[in-house]
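Participant: Can you build the whole structure from these sequences, using the hints too?
Spelled out, the chains give:
Protein chains: 2
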Amino acid sequence: MMGPTDQGASYRLTSPTAMPKASAFLWNRRMMISLTCRGFATAQFMQPEPAKYAHAPNLEAKTFMQPENPYYAHHPGRFVYVRDDAAGDIYSIPHEPVRRPWDDFAFIAGQSEVSWRLGQPGLAFEWVLSLSEDDLVELWTLKVRNTGTEARALSLYPYFPVGYMSWMNQSGQYHPELAAIICSSVTPYQKVEDYFKNKDFKDKTCLIAEIAPDAFEVRQEAFEGEGGLMHPDALREEHLGCNDARYETPVCAMQYRLTLTPGEERSYRFLFGPAFDEAEVAALRERYFSQDGFSQATDAYRHYVASGRGSLRIETPDAALDNFVNHWLDRQVFYHGDVNRLSTDPQTRNYLQDNMGMVYLQPQKARAAFLKALSQQHRAGEMPDGILLHPGAELKYINQIPHYDQNVWLPVCLSAYLDETGDRAILDERLPYGDSDQQATVLAKINQAMAWLEQNVDERGLSYIAQGDWCDPMNMVGYKGKGVSIWLTLASAYAMKLWADICEGHGEPELAAHHRTVAERFNDAANRHGWDGHWYGRGISDNGQAFGVASDEEGRIFLNPQSWAMLSGAASPEQQQSLMAAVTEQLETPYGVAMLAPAYTRMHEHIGRVTQKHPGSAENGSVYNHASAFYVYALYEAGLADKGYTLLRQMLPCDDTALARGQLPVFIPNYYRGAYRQFPRTAGRSSQLFNTGTIHWFYRCLIDGLFGLKGDGDALRVTPKLPAHWQSAKVTRRFRGAELEVEMRREPGVSAITLELDGKAVAGQRLTGLEPGRRYQLRVRLPEASA
Amino acid sequence: MMGPTDQGASYRLTSPTAMPKASAFLWNRRMMISLTCRGFATAQFMQPEPAKYAHAPNLEAKTFMQPENPYYAHHPGRFVYVRDDAAGDIYSIPHEPVRRPWDDFAFIAGQSEVSWRLGQPGLAFEWVLSLSEDDLVELWTLKVRNTGTEARALSLYPYFPVGYMSWMNQSGQYHPELAAIICSSVTPYQKVEDYFKNKDFKDKTCLIAEIAPDAFEVRQEAFEGEGGLMHPDALREEHLGCNDARYETPVCAMQYRLTLTPGEERSYRFLFGPAFDEAEVAALRERYFSQDGFSQATDAYRHYVASGRGSLRIETPDAALDNFVNHWLDRQVFYHGDVNRLSTDPQTRNYLQDNMGMVYLQPQKARAAFLKALSQQHRAGEMPDGILLHPGAELKYINQIPHYDQNVWLPVCLSAYLDETGDRAILDERLPYGDSDQQATVLAKINQAMAWLEQNVDERGLSYIAQGDWCDPMNMVGYKGKGVSIWLTLASAYAMKLWADICEGHGEPELAAHHRTVAERFNDAANRHGWDGHWYGRGISDNGQAFGVASDEEGRIFLNPQSWAMLSGAASPEQQQSLMAAVTEQLETPYGVAMLAPAYTRMHEHIGRVTQKHPGSAENGSVYNHASAFYVYALYEAGLADKGYTLLRQMLPCDDTALARGQLPVFIPNYYRGAYRQFPRTAGRSSQLFNTGTIHWFYRCLIDGLFGLKGDGDALRVTPKLPAHWQSAKVTRRFRGAELEVEMRREPGVSAITLELDGKAVAGQRLTGLEPGRRYQLRVRLPEASA
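Sequences listed follow chains A and B, in order.
Each residue of the first sequence is one higher than the one before, counting from 0 in numbering that gives the first Met the number 0.
Each residue of the second sequence is one higher than the one before, counting from 0 in numbering that gives the first Met the number 0.
Honestly, the hints are just simulated from the structure, not real lab data.
Don't take every hint at face value.
Stated by the list, open to error - Taking lysine-lysine pairs in the DSBU-like style, the calculated list, with each CA pair at most 30 Å apart, reads:
(1) 201(B) - 51(B)
(2) 190(A) - 759(B)
(3) 51(B) - 51(A)
(4) 51(A) - 190(A)
(5) 190(B) - 395(B)
(6) 61(A) - 198(B)
(7) 759(B) - 729(B)
(8) 196(A) - 61(B)
(9) 198(B) - 395(A)
(10) 51(A) - 198(A)
(11) 190(A) - 61(A)
(12) 198(B) - 481(A)
(13) 759(B) - 479(A)
(14) 196(B) - 61(A)
(15) 709(A) - 729(A)
(16) 190(B) - 479(A)
(17) 395(B) - 198(A)
(18) 61(B) - 371(B)
In this text the structure is predicted, and so the values were computed from the model without any measurement.
Facilitator: Okay, here's the thing in structure tokens:
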């Protein structure tokens, strides 16, 4: 039903009903489109805030990209109705809206295009989407071929619903000189100041055809009639009605009548997207439909996606992992790092982590992002809750709510950058503040950030949580200014230790010593007040109520404090054993490790309101892959290669449970539905949402953990942690301009890891003196796994 | 296809396709529901801001009630699927979602219930909605009867879609002990301060059945399957699947299996609405399904609607007008005056006018409203842009935008109140200000309001428009503080004159004289700078650009300045002839008088941005009935009885063009689509929106104009203006507690109006000394119409 094609560079799904919500996405720096296998689409573009050009049929709320997006018959999508003009049969490409099964169906999620291949006796179709690198336009190709022995008379009807564009002004018309349907809307009633912000909006939506259609329909109501989307009235007529839409819901529908002789193939191309005016539509037509504009654009887009090539290629006993890492991992990291999830004010922790992943792809971009973020630090040391990417951007709802963990991510993300690049010069860069023109070096600024964390504690030395830390739903446990976060206390300790190491490496031993002392203080406080006997609690609320502890009925254990207690060194070996046992018992599921359990099913007012998210969804008891990745990273750091590998693999939607998750293995979703013990029916379901910090930690789990090929000062440290059942693995690792072809192999009689570079034995596990532009052969001999 | 039933107390439509958007509405003080003949529904309730309990299938934007609401297959509605268990045939009540035609179809819009009667050979159905007077609950009754000669095995499936309740937490379950499906949601991620505002929200939606169903379905996806709403998969099975919904779009669907012998009838009752918790659902069940709770509630609701009885019953040669006035006019006025369009911050001009209509129904309510509004006046004299009805209410978007006409409505509305009640004591009431505890009398306050208008003019004496006056789309012509409104200048003159009369009647001749002088000054300024040769212009923008003038290509003439120039006395008889000719030529259409023409088709930046509304819609060139009513009122004031009647009747959707308007004659919509000369296809289409100030002016056109039975100081003044082709009319007029049975008749030889009260001739046209509680017979003899 599903499998890789072309050596994994694309994935193919052969049924539209088995995984009806399976989806794939394409993006460029200004837009994004997610398509389900049935043809529904969710697209956004930036102007500069996220906007839409294909709308729901009712007035939509503006929102960020939703997980588990609900679909319904009139959801926006990109379709082609097909009518056999002789028999009168009606189908639709790819599956919606008619839902009549094709004999052959394939949904193919590629790197830089998404396509369908469909067949009926005697007919074959291809329906392909690519994007351009820079324009706000979808590039569609429809191919039809007569694979039979008789001539076929067909009508093809590209059908692009546009939906309810505006409650004040929407209309649509066919423009014969452009072979385009242009639907217009106007931003509704607005204040003067909004008007000047909005007046350049691309409020039009256009469908431009390379070949002028034989007929068209612009009025949704006229298209559907009483037959509805499954049997549109318009298709009962010889020709579409050629109507316009005047303050009526518009649609872009066209009709091509053709007769295909046996073996004959035809191809049609379309552009769909937003536009400011007719002149822009004309310019798009000119650019893409004269000479080779269209194919040049799809080529350029392919190169754009390929330019997000990362530092790792692998060949292991695990083909699915190989496929994911070699074809999809970089792509998802690149999406995050290059476009920041299509927001103008990314949350600081997201922005820093999304650029942590870019360290392995385009470290210069990561560097620039870290500097941009730090230049918005407050003079008092605290990072803002969101980073403004444009001069006119504003911190929106969630970023107006104080979360106290933002500073932690500075050393966490910077350490990955320094490991990968060795670029310690970044520490001496001088930057302003968000609220002051005064300048300071990155070193000084992060010292300030660490000092802020150090001081932002209660009398017990526990970190205040305010209205949230990493976990949004905990937004009401500390709003009175007393509640504390055990996780944040541990994360602060870990951040301090990382920072101490960086200071040390930068010739600042006193700073290092200071931060190590502070880290121990945080760890001590967490152990004294946060250790609940068998695991670490999550926090203590304004009311003095500990939560995430054994006495809780719901939310009894949270994953994050356990992971970060391992990373920070707070947990002794005995504590580590104990907390891991608790995680196994209470959080592990066939679909991964849940973020907390049991999921909250109601508000817990006595603690402070704890979560309003649905049990098992998002951060309330889901298998939240971002948190899972922290845990896996901690397991690897603790040297637990087998456990690490097992849980790492669960994040990937390419094993036996893939079907249950409803997810193609082309990206790791932000979560799989959790609450496995409470609501087993829905557990494991994929969010289908590709926005997630998971992917960057997944990268680090591979680099620092599984393959152990991590930068360390001026060297590459080699510390593989292959699972016991792997005898060998090949890795191509790009590192600071050099390329290493690494072969790792367990060999009898090897008692400790030994390295051989270009045939020469290397002492220890650090490779120094690697030169940019050179290619190295590295043999890594590993001990055999103990039985 | 359509006609009155029961002497006009309800209207019947017998085809679901001829007028697919024909709708009717019910309301109580806390909720409102509008139903189309096909079963789609739009409902809102107050908590205290408008909220929903049945949602679209995607995340909806919050908005005020929309005109020309677009419907689509998954739009919320109230339906019953019907399956013939023997034949397998599927229908749906009332028409959607299956859309299979019934042999008999009737949609019956009643005063206090909306119902359908449907028939197939051998089967008859009734589907009836009423509301309760106080609760947030829909009361549904389903009746089925076997009208054939064979037993029939049926499944009935009440199907109430609930839609996408919340993007963070939605679920649904059947509760057997309550025979109810309860769908739950939680208000999504929110700031601390919002949480405490939102925590008591009724975030649940319930369907409660009197009789426990045989099966149920709560998961929308499981109900539909691949068959979709037209052929739901769930109906192919013997029984519904009895599933719950967990972070899945919920639905309230139930199944009843029954066998009906010939002649047998069954009845099922349901409650649908929002609830806070299960306890509230249980309480609703107890209240409505034990003893006679259900029928007592529908009775009480009938009485509530009937309590909005007004001051006029008529019997004229115009049966359609009689029907509307005797059955629907009061109801629509009452809806506005009693619930303020379900808002918490009604625009000041709406609030005052909605209560102007209440003057004829419940003058005490109108009085209280005028005092409430005035007590929010700013100390500087200006009325705020919206009136806050609750302590926690806030002025929302549009009411944060300065509109400079709010003061005008004080004397305009108060004069109707004083005419109807003679209650001059209101002028001596002492009230605080919105921004000060200082108190002043109503008289003093309105003097201040008039002084504010007097001073808020430019060097030419023209009234500044700021970001708008009565007409919202003109929001950008004066934002720089220079633009002026000719309409507002004329309206200020009219307000001054009305106020002068009130002062005069209150023994303040000097005030009266002053305000008459100011009125003349306004009129002079309008004539000097606003008269465009053949009609009055609309205004002069910040840039000094006159608009609404002959040199304009679009927006060349506006109706309002013409109407108010007639009312204010600015227009000389010659000017009146000229401007009426211009209105006839440019604004009159078969569907009424357009508010401006030609409609704007684009922004006019050189003027100031003029309108973003669609040409022909809402205020951009529509037949905006509110403006039409001003004009009709002005025509009557000018003594133009025939013209007044002709245009008055065009507002009513009960003539030959009713079909084109798509509107049942149970309310006057806020507009009929205009731009008749530009876009004839859509002209005349009804907005289907029953929120409109039109209705109050329609009342005044009848009281002050057509029937001329208007209060005047301590008297009732009798000045009928029957159209020439009416020989007679009977009117029952309630006036200050008395009731007059009036018979008007043209008689040969009568040269001027003569009155006979209880058989005695009355000198002049003023009836004084009418006593509350008494019933009078009034004969009015009128001259014959000149040929």
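Participant: Confirm or reject each hint.
Facilitator: Okay, the hints, checked on the actual structure:
1. Of the pairs offered as hints, the one joining residue 201(B) and residue 51(B) holds, with about 9 Å between alpha carbons and a cut-off of 30 Å not exceeded.
2. As the CA atoms of residue 190(A) and residue 759(B) are separated by approximately 61 Å, the hinted pair breaks the 30 Å bound.
3. Note on residue 51(B) and residue 51(A): the hinted pairing holds, with a Cα-Cα distance of about 24 Å set against a maximum of 30 Å.
4. Taking the CA atoms of residue 51(A) and residue 190(A), the gap is about 21 Å. The hint holds against a cut of 30 Å.
5. Under the criterion of a C-alpha separation no larger than 30 Å, the hint pairing residue 190(B) with residue 395(B) is consistent with the structure, at around 19 Å.
6. Restraint check for residue 61(A) and residue 198(B): the C-alpha separation of about 23 Å stays at or below 30 Å, so the hint holds.
7. Distance check on the hinted pair: residue 759(B) and residue 729(B) sit about 18 Å apart at the alpha-carbon level, within 30 Å; holds.
8. For a cut-off of 30 Å, the pair hint linking residue 196(A) to residue 61(B) stands: about 22 Å separates their Cα positions.
9. At most 30 Å may separate the alpha-carbon atoms for a hinted pair to count; residue 198(B) and residue 395(A) meet this at roughly 22 Å.
10. A distance of roughly 16 Å separates the Cα atoms of residue 51(A) and residue 198(A); the hinted pair therefore holds under the 30 Å criterion.
11. With a C-alpha separation of about 18 Å, the suggested pairing of residue 190(A) with residue 61(A) holds against the 30 Å cut-off.
12. Restraint check for residue 198(B) and residue 481(A): satisfied, since their Cα atoms lie roughly 22 Å apart, inside the 30 Å limit.
13. Our distance criterion of 30 Å between C-alpha atoms is broken by residue 759(B) and residue 479(A), whose separation comes to about 80 Å.
14. Only pairs whose Cα atoms come within 30 Å are accepted, and residue 196(B) paired with residue 61(A) is accepted, the gap being roughly 22 Å.
15. The suggested pairing of residue 709(A) with residue 729(A) holds, with an alpha-carbon distance near 16 Å, which does not exceed 30 Å.
16. Using a Cα cut-off of 30 Å, the hinted pair residue 190(B) and residue 479(A) holds, with the two alpha carbons roughly 13 Å apart.
17. Restraint check for residue 395(B) and residue 198(A): the C-alpha separation of about 22 Å stays at or below 30 Å, so the hint holds.
18. About 27 Å separates the Cα atoms of residue 61(B) and residue 371(B), which keeps this hinted pair within 30 Å; it holds.
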